[in-house]
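Novice: Work out the full structure, taking the sequences as your base and the hints as a guide.
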Amino acid sequence: MSKRISPSPADVMRAFDSLPKPLRQAIAGAAFGYDPKEMAERIAKGRRPQTILRGISRFERRAAQ
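Mapping to the numbering used here: the sequence shown position 38 is 38, numbers consecutive.
Because the hints were derived from the structure by calculation, they are not lab data. This list has only true hints and no planted wrong ones.
With beta-carbon atoms standing in for the labels, derived distance ranges: (1) Pro20 x Arg61: 12 to 22 angstroms; (2) Arg61 x Ile5: 33 to 43 angstroms; (3) Asp11 x Gln65: 26 to 36 angstroms; (4) Arg47 x Gln25: 16 to 26 angstroms; (5) Arg14 x Lys45: 12 to 22 angstroms.
Note that the Cβ used here is the ideal one computed from N, Cα and C, for glycine as well.
Specialist: Here it is, written out as structure tokens:
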């Protein structure tokens, strides 16, 4: 059985700092804890930051209802 290794707080902050400002603001203000490293990986694979931001905004609107 493999053990899952958690990223260090410094790694999480580096990933957060690498995101575009609108995404950082959306993640910081979100009710759900988004993984900045996962968001950075999505962008690296070709996902546009605007698409991710729309998804976060949609989820926040639904959660507020």
